[in-house]
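2 protein chains.
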Amino acid sequence: MDRAENRFGGDTLAAGSATLNPLYKEVKSRLTRGLAGGEWKAGEAIPSESRLAERFGVSIGTIRKAIDELVAERILLRHQGRGTFVATHTEDRTLFYFFHIVAKDGTRELPVTELLSFRKARADALEAERLALQSGAPVFRVRNLLKLSGKPVIVDEIAVPAALFTDLDRDVFGGREGTIYGLYQAQYSITVTRISERISAGRAPARIAALLGLDTGTPALAIRRVAYTYDDTPVEYRVSWVNTEHHEYLSDLWRTRGNEP
Amino acid sequence: MDRAENRFGGDTLAAGSATLNPLYKEVKSRLTRGLAGGEWKAGEAIPSESRLAERFGVSIGTIRKAIDELVAERILLRHQGRGTFVATHTEDRTLFYFFHIVAKDGTRELPVTELLSFRKARADALEAERLALQSGAPVFRVRNLLKLSGKPVIVDEIAVPAALFTDLDRDVFGGREGTIYGLYQAQYSITVTRISERISAGRAPARIAALLGLDTGTPALAIRRVAYTYDDTPVEYRVSWVNTEHHEYLSDLWRTRGNEP
DNA sequence: TTCGATTTGTTCGTATGTATT
DNA sequence: TAATACATACGAACAAATCGA
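These protein sequence lines map, in sequence, to chains E and S.
Residues 1 to 261 (the numbering used here) make up the first sequence, in order.
Residues 1001 to 1261 (the numbering used here) make up the second sequence, in order.
I should point out that these hints are in silico values taken from the structure, not numbers from a laboratory.
It should be emphasised that the depicted structure is a prediction, and the values quoted were computed from it without experimental measurement.
Possibly wrong hints are sitting among the right ones.
Claimed, not checked - The calculated DSS-like cross-link candidates involving lysine-lysine, where the alpha carbons are at most 30 Å apart (straight line), are: (1) S:K1104 <-> E:K25; (2) E:K120 <-> E:K65; (3) E:K65 <-> E:K104; (4) E:K65 <-> S:K1025; (5) S:K1147 <-> E:K65; (6) E:K120 <-> E:K41; (7) S:K1104 <-> S:K1151; (8) S:K1104 <-> E:K104; (9) S:K1104 <-> S:K1041; (10) E:K25 <-> S:K1065; (11) S:K1104 <-> S:K1147; (12) E:K147 <-> E:K104; (13) S:K1065 <-> S:K1025; (14) E:K151 <-> E:K120; (15) S:K1104 <-> S:K1065; (16) E:K151 <-> E:K104; (17) S:K1120 <-> S:K1147; (18) S:K1104 <-> E:K120; (19) S:K1065 <-> E:K104; (20) E:K120 <-> E:K147; (21) S:K1151 <-> S:K1120.
Unchecked claim - Pairwise CB distance ranges, derived in the manner of DEER restraints: (22) S:E1109 <-> E:R207: 29 to 37 Å; (23) E:E44 <-> S:T1233: 39 to 47 Å; (24) E:T233 <-> S:A1103: 54 to 62 Å; (25) S:S1059 <-> E:E129: 46 to 54 Å; (26) E:E91 <-> S:V1071: 24 to 32 Å; (27) S:E1157 <-> E:E44: 48 to 56 Å; (28) S:R1207 <-> E:R207: 28 to 36 Å; (29) S:G1213 <-> E:E39: 51 to 59 Å; (30) S:L1116 <-> E:A210: 49 to 57 Å; (31) E:V112 <-> S:A1210: 53 to 61 Å.
Heads up, the beta-carbon is just placed ideally off N, CA and C, and yes, glycines get one too.
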């Protein structure tokens, strides 16, 4: 079909104009903007492929190719016969992808979180850099103790921009159901789509070592994480200290086949 | 088209028989077997999509869908106008995906390897388990010192099944050009397609600490890696000790968008 | 340098299968 | 059962990159 047919009118895509991108990339970008802008919310279904094809003035194959990539990035979720849904952080499934500490015997388990402290503060240099903020910008700082099988294993220190999380307070944070990223998504319409982690070994500060039941000087894992949302805006900086006596960090790359049985 | 047309004859695919899989999965499996069996070697081009379509008796679209997945798994590489090629471990590109230690200032660099020792030995319990061998099976053990910017940062202890690497010796290993996985691929037709790493913090053994210039008791990163080939057979077990004073482990998950500019 | 053959990349359309509601 | 939605498979046309004559 002549792509010029799609040049005008409402939502349909212009092919020869600003973008030299393939059509499906343009569709993908539109869908991503719709997600970021809240047109479709977490857990909701996006319109069917045929409706999207109509709306954008492209073929279903082009729509499918765009959605394929968003599914590969775990931003969307397809269910045959039901529809295509915005991925949520409520399911165990997703937690699997954002929590990498496993017992050395291989068993996986969801941590139980205990809120240690909640404060409003000003971003230090490192937080500001990682969160792309002005130094001194207001942030919320949260400290959590994470237990596995009832024993403390991880201490998290989380910093999020106050501008993105208006009215976040200790009760909201501590009283949440589900995961922290589930809270971001449900309460603040902020969906974490990707994380980047840098891992080193060190001696945990005395207070943290005490919380983890570590002797002073015992090696522990330090994980520095930045979490990003749809448009790759950083939304959270997190430092985790891990007692690796009985647990370790699992990095199982490119297990794309993981989708399959 | 009626899939029964493809039921008989040479290489063409049987649809209604043994497999209930989609055709493209069957094609993918055939391609993977061809790669594992050496029909197409590292760096070579596989037949064109149209030829494969003819050979398997399916449409080009089906071939493309099969290849799509192999490309996503970095097993194949497409070049518009040239063909589809078997990924090699010779290029810096791939090293990017199998080497995760970066300087804390963010700069990436390829390590310079120094062979410390090479021995034939019998697999201990852990090696046997990780490599799916009988305990006591013959293995080669290699110890390497890896330098970044001229300074020692990592000590690797590698174990590989002797059965897979016949006649491997110190000279072959030390005299290689390029990466270790490049050697496996070029000399032994063993292609590492996937790795799984488990990371913990600890005190390096005295000999290793000395090599890394660490005071005894200084925390270091311990990485235990299993490398797998096409059919998910484990082919290498490796323990790396990392001095994380100036370097760290980078885990940048699901950067599938990494392919794009 | 130009041209034509080859190969992958994009887009369209259609038909049918399978799962869900 | 019927309608809907995604999944698979086919075919065709053209675009874009590559390579050799």
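Assess, step by step, whether the Cα of S:K1104 is no farther than 30 Å from the Cα of S:K1151, and give holds or violated.
Given that 30 Å is the threshold and the Cα spacing comes to 15 Å, the pair holds.
Going straight from one Cα to the other, do E:K120 and E:K65 come out at no more than 30 Å?
Roughly 44 Å between the alpha carbons, so the hint for E:K120 and E:K65 is violated.
Does E:K120 lie within 30 Å of S:K1104 when you go C-alpha to C-alpha?
28 Å, holds
For the hint 28 to 36 Å, verify it against the beta carbon of S:R1207 and that of E:R207.
34 Å Cβ-Cβ, so the 28 to 36 Å window holds.
Is it true that the CA of S:K1104 sits at most 30 Å from the CA of E:K25?
It is violated: about 34 Å lies between the C-alpha atoms, which goes past 30 Å.
Assessment of proposed distance window 51 to 59 Å (beta carbons of S:G1213, E:E39):
55 Å, holds
S:K1120 and S:K1147: Cα distance at most 30 Å?
25 Å, holds
Is it true that the CA of E:K65 sits at most 30 Å from the CA of E:K104?
39 Å, violated
Restraint check for E:K25 with S:K1065, where alpha carbons must lie at most 30 Å apart
18 Å, holds
Going straight from one Cα to the other, do E:K120 and E:K41 come out at no more than 30 Å?
OK: E:K120 and E:K41 at ~28 Å, within 30 Å.
Would the pair S:K1104 and S:K1041 pass a check requiring their Cα atoms to be no farther apart than 30 Å?
37 Å, violated
Given a hinted range of 53 to 61 Å, is it respected by the beta-carbon distance of E:V112 and S:A1210?
41 Å, violated
In the structure shown, a violation is registered for the earlier hints numbered 1, 2, 3, 5, 9, 15, 19, 24, 30 and 31, in ascending order.
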